[in-house]
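K.L.:
Residue numbers (my numbering), protein chains in the order written: chain S, 218 to 471; chain A, 218 to 471; chain V, 218 to 471; chain P, 218 to 471; chain W, 218 to 471.
By construction, these hints were calculated from the structure, which means they are not laboratory data. There could be a bad hint or two in this list.
Identical copies look the same in the list; a pair holds intra-copy or inter-copy alike.
Stated by the list, open to error - Cut-off 30 Å, straight-line C-alpha distance, at most; resulting in silico cross-link-like pairs (DSBU-like, lysine-lysine): (1) 280 <-> 446; (2) 386 <-> 280; (3) 274 <-> 386; (4) 280 <-> 326; (5) 446 <-> 325; (6) 424 <-> 356; (7) 274 <-> 325; (8) 356 <-> 446; (9) 325 <-> 280; (10) 274 <-> 326; (11) 325 <-> 424; (12) 326 <-> 386; (13) 356 <-> 386; (14) 274 <-> 446; (15) 386 <-> 434.
So the chains spell out like this:
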Amino acid sequence: MDIATIVGILSAFALVITAIMLGGQLILFFDVPSLMIVFGGTLGATLINYPLPDVLKVFRVVKNAFFHKGQTVQGLIGNFVTLAGVARREGILALETNINDMRDEFMKKGLQLSVDGLEPNSIREILGTEILSIQDRHKLGSEIFTTLGTFAQALGMIGTLIGLVQMLKTMEDPSTIGPSMAVALLTTFYGAILANLFCLPVAGKLKTRSNEEVMMKELMTEGIIAIAKGDNPRIIEQKLNAYLPLQLRESNFR
Amino acid sequence: MDIATIVGILSAFALVITAIMLGGQLILFFDVPSLMIVFGGTLGATLINYPLPDVLKVFRVVKNAFFHKGQTVQGLIGNFVTLAGVARREGILALETNINDMRDEFMKKGLQLSVDGLEPNSIREILGTEILSIQDRHKLGSEIFTTLGTFAQALGMIGTLIGLVQMLKTMEDPSTIGPSMAVALLTTFYGAILANLFCLPVAGKLKTRSNEEVMMKELMTEGIIAIAKGDNPRIIEQKLNAYLPLQLRESNFR
Amino acid sequence: MDIATIVGILSAFALVITAIMLGGQLILFFDVPSLMIVFGGTLGATLINYPLPDVLKVFRVVKNAFFHKGQTVQGLIGNFVTLAGVARREGILALETNINDMRDEFMKKGLQLSVDGLEPNSIREILGTEILSIQDRHKLGSEIFTTLGTFAQALGMIGTLIGLVQMLKTMEDPSTIGPSMAVALLTTFYGAILANLFCLPVAGKLKTRSNEEVMMKELMTEGIIAIAKGDNPRIIEQKLNAYLPLQLRESNFR
Amino acid sequence: MDIATIVGILSAFALVITAIMLGGQLILFFDVPSLMIVFGGTLGATLINYPLPDVLKVFRVVKNAFFHKGQTVQGLIGNFVTLAGVARREGILALETNINDMRDEFMKKGLQLSVDGLEPNSIREILGTEILSIQDRHKLGSEIFTTLGTFAQALGMIGTLIGLVQMLKTMEDPSTIGPSMAVALLTTFYGAILANLFCLPVAGKLKTRSNEEVMMKELMTEGIIAIAKGDNPRIIEQKLNAYLPLQLRESNFR
Amino acid sequence: MDIATIVGILSAFALVITAIMLGGQLILFFDVPSLMIVFGGTLGATLINYPLPDVLKVFRVVKNAFFHKGQTVQGLIGNFVTLAGVARREGILALETNINDMRDEFMKKGLQLSVDGLEPNSIREILGTEILSIQDRHKLGSEIFTTLGTFAQALGMIGTLIGLVQMLKTMEDPSTIGPSMAVALLTTFYGAILANLFCLPVAGKLKTRSNEEVMMKELMTEGIIAIAKGDNPRIIEQKLNAYLPLQLRESNFR
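The shape of chain S in the complex, shown without the other chains (with noise of 0.2 Å):
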């Protein structure tokens, strides 16, 4: 559950809101056809932009931006710290017993070519490709928000050109130029606040997320090889320590 987002979108939405209604009705930032444009242009747009699979699975991929549960890395480093024991005592063979208590699919996976007693180096190159096409898969969802912000800040300037046009076409009583107009630029207020209030912070956090899960596959990768390589335990916390801050690590060592 990631409450930052939660609150950032509630708190933006809220203060906008209340901004509004100090200086006049809400009601007057309500207007249909220009709802219409902005959200219909931008998703039309990005269907072109992307294959449908692609935009779909979108709707799959933007609730890591509000629920995600992560696993420490200090907790991970404990884990490789024990697993590098048992497979020093008992052999690399011993931890396929704990592979089968494991619920990360990258993890099992790795270990699982380190107990068929595959090289380092190909271990390496497979979980290498792995994180490669992870990261290719979240890539696509933070573009695809990044691209939806761009297209609604454009279709708020459409939206705002139909209306100056149509305006400036029909001008004759003046005392309607202002209203007139007012409605023409909702279309870029709703483009802007589309872009800036929800895509493009959404694209923000998909892509923070995305660099984590890299860094800790990664991680995992170094101590999975560490592991196969038979290394010592407490090289390996070492090593895999050096992900941290300072003030984050923590030793098994005395």
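Since the structure of chain S is already known, use the hints to place chains A, V, P and W on it.
P.N.:
Okay, now just chains A, V, P and W, sitting in the frame of chain S:
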């Protein structure tokens, strides 16, 4: 057949036209000299920017954004497992018959090289060069559409500047100011529509298609190399599965 | 203590305030709902964009832009020459006592690894990972400030759009147009000030500080590896001096 | 002779001029001080930005955007197959006579090095440095045109600001406002035309030409190395064909 | 002495001033508070962005954009051919006397390392680090000018916003609107001039100078390594000539 591209273009244009008609007549948004400046000028600038054969090639490339029939990754991995099995049981020369049945030229070339007994490193080198030049050719299509989109917006602004200068120089009857300015804004509108509802998203789709194809070719390279090396079919499956998200992986081994 | 940051902020704000007061009253530039939209909205968008712990960490990081006490490169090179001399004369184990007197954790860790007899390549690998993760953590601070600056400008524009729509919709008394529009522009003004006189330059300072620290750590890595390899102190000095501009180089060898 | 560049420039300018004449007199768009600011200022800024010899060299380079006679890739591959055949049958020294007939200096130098008996790695190193410095020189031409385009737009805006300030300061007769503002906008118009219908697309064409030439040189390097290694002509053809799209490949072997 | 920089600055400013005087009085474009905001604010933001010593160093660096006396590449290559001849005939120790006559510190250091008998790989490593840190220091100068240019434009906009708010809040006498708005626009004008006719092109010149110097240093490294390896002077000439365009190459061997 890429449904998303067609649905995207149709729905985006339908929405914009509906929104225009809710606020006035569609004919107000039609002006021949403005269309001339934006469409002709954009094409002119693009012809300066790219060699003629490249621009002509784009018309062949753009259909990739609309029509696309891809092989599934799972099917391809299955193929490799079968081929590796044949090569292991009957020797790599036995693949000669399988090669004749294939349609993908890249796959045929790569396997032929293996059957010819080239060493894995040379195969990787040749196929790598091939992937790089496929990428270069694809990037060009996406790049030309991005350029078209950028110039469309610039020409839109140039057209609006022309209209504004003409209006301001001959400003006698105040009642004509509005309509003249509306016409001046039309070029910006055309440029924004052309860029954001056609050129830029098509550029994006071409880039996505290119990434997909390159990923397939890289997977093929891995598979071909693995067969040339005489790898175990099970290891090959594991290596190639790394390109797939977990939930889409299938195993041919119980 | 980074004088430049404080002098920069104080002088920039003093100049802006002086310039405002030369042209009118300062109070004209103060509007609570506008401040709410820009500051609150920017913070909200940033909370959507980054995980909560990262945003909180920024407050610890920002002090690096104001306070900074660095070791000089020359002093560090001198240290290495001394350490290399000790290691050469008395053996690398003799460095153990020197390690206890050091304050820099990176230096301590690296030398401890040399004393423990790890081979140079492993030391480089461990210290390299450490530098990479220091870099990642630093980049985050600078990135969050850049994001704050970008959203501040976007929220400024959103606030101005809100003000313009409200003004245009209720345009009855022409004498209120000017002041209403002035208030609408204030959010853009706040966004521009927040971005350009605080967030973006602080992001720049954090990036510079990070580059400096990484350069120091790389120099330390080179020095530690050279000691582990048993290099001649004079060669070490020459290698490390390459990080310094000519006019700042000092030699410990006449 | 690059038809596209000339057709592009002529058609784009013809369209803009036609569009202007449909709406008024062409003379309205002609103003000497505005031309002075945009053209002179852009040139001035570019002279600050680049050393004089580089700016002068651009005039020699720009003709590459208009005239271009290239060797076809297919012909080049055919040449290499022939040369490899000669080298195989009669020894590499037999190529000496072929070298004298060549016009391309890069090709001559590379083959001469092979005939001189340099080992393939040294040849690759020398030719690689050559390609890198060709690339650097080409990039400069494209870069200078991009810079010209950027400054043209900036100077256009500076000119408009000058015009606006002058108009606003001396605003007595309302009937002069329109024409004065029209003149002020002309510099922005000139800047946009200069940038978007000349500088930026020419920069693009130079970049495309450079990529093509570098690709040819890389293909030549591959071929020369292969001959120096004594590769089989058929393998050479296959290696070099990888640079071509499938439909353009020709084989010299049935 | 870099004529282009001085000619560029003088001609650009002369043109802008001439253009202003053709349309009105120069004094209209002079306003002290506007100058204060743009120049002072830009400097303030830059001081926040960079450490004080880096900003001060810029004044030493900027003279590189105006004064520059370079060694020609051809001369340098000739030097290396001579040195390689000496080293071949009389042994590498014979270069000691030549080193004392040189002025370039990089050249001296590199040759001294060869004479001291360091192996080529160590020499390359030391000189490589040296080039990297020269590059870092040069990049900083160019970067600070780019930052100055960016902040100048932002402060210009902030100043205009201040002027607009003050004008709109106190809009009583319509006849003062024009002149007030003219003054408000002056800051944008100052920012655009400072950025586009000074900061950004100087940043560009510094970058070009840095690239030239790095290219010279890379050529020197190649030459020094080749001498240390005892390469044939003719091969050295051929290797180093690759850095030059064909028409500028000279040979010391008939």
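K.L.:
Take the hints in turn and mark each one as holding or not.
P.N.:
Hints, one by one, checked against the model:
In this assembly of identical chains, residue 280 and residue 446 lie within 30 Å of each other by CA distance neither inside one copy nor across copies; the values are 38 Å within and 43 Å between. For the identical chains of this complex, residue 386 and residue 280 are neighbours neither inside a copy (46 Å) nor across copies (38 Å), given an alpha-carbon limit of 30 Å. With identical chains, the CA atoms of residue 274 and residue 386 are never at most 30 Å apart, being 44 Å at best within one copy and 41 Å at best between copies. Taking the shortest alpha-carbon separations for residue 280 and residue 326, only the intra-copy value of 25 Å comes in at or below 30 Å, while the best inter-copy value is 40 Å.
For the homomeric pair residue 446 and residue 325, the shortest alpha-carbon distances inside one copy (17 Å) and between copies (26 Å) are both at most 30 Å. Taking the shortest Cα distances, residue 424 and residue 356 sit within 30 Å of each other both inside one copy (7 Å) and across copies (14 Å). Within a single copy, residue 274 and residue 325 get their C-alpha atoms as close as 25 Å, which meets the 30 Å cut-off; across copies the closest is 33 Å, which misses it. In this homomeric assembly, residue 356 and residue 446 never come within 30 Å of each other (Cα to Cα): the closest approach is 32 Å inside a single copy and 33 Å across copies.
Taking CA atoms no more than 30 Å apart as the test, residue 325 paired with residue 280 passes inside one copy only; the shortest distance there is 25 Å, against 42 Å between copies. Taking the shortest Cα distances, residue 274 and residue 326 sit within 30 Å of each other inside one copy (25 Å), while across copies they are farther apart (34 Å). When the C-alpha separation of residue 325 and residue 424 is checked against a cutoff of 30 Å, the pair qualifies only within one copy, where the shortest distance is 25 Å, while the shortest distance between copies is 34 Å. Taking identical chains as interchangeable, the C-alpha atoms of residue 326 and residue 386 are never at most 30 Å apart, the minima being 67 Å within one chain and 63 Å between chains.
Taking the closest pair of Cα atoms, residue 356 and residue 386 never come within 30 Å of each other, the shortest separation being 45 Å inside a single copy and 42 Å across copies. Proximity of residue 274 and residue 446 under a CA criterion of 30 Å is satisfied in neither setting, with 39 Å inside one chain copy and 37 Å between copies. When the C-alpha separation of residue 386 and residue 434 is checked against a cutoff of 30 Å, the pair qualifies neither within a copy, at 60 Å, nor between copies, at 55 Å.
Hint compliance for this structure: hints 1, 2, 3, 8, 12, 13, 14 and 15 are broken, all remaining hints hold.
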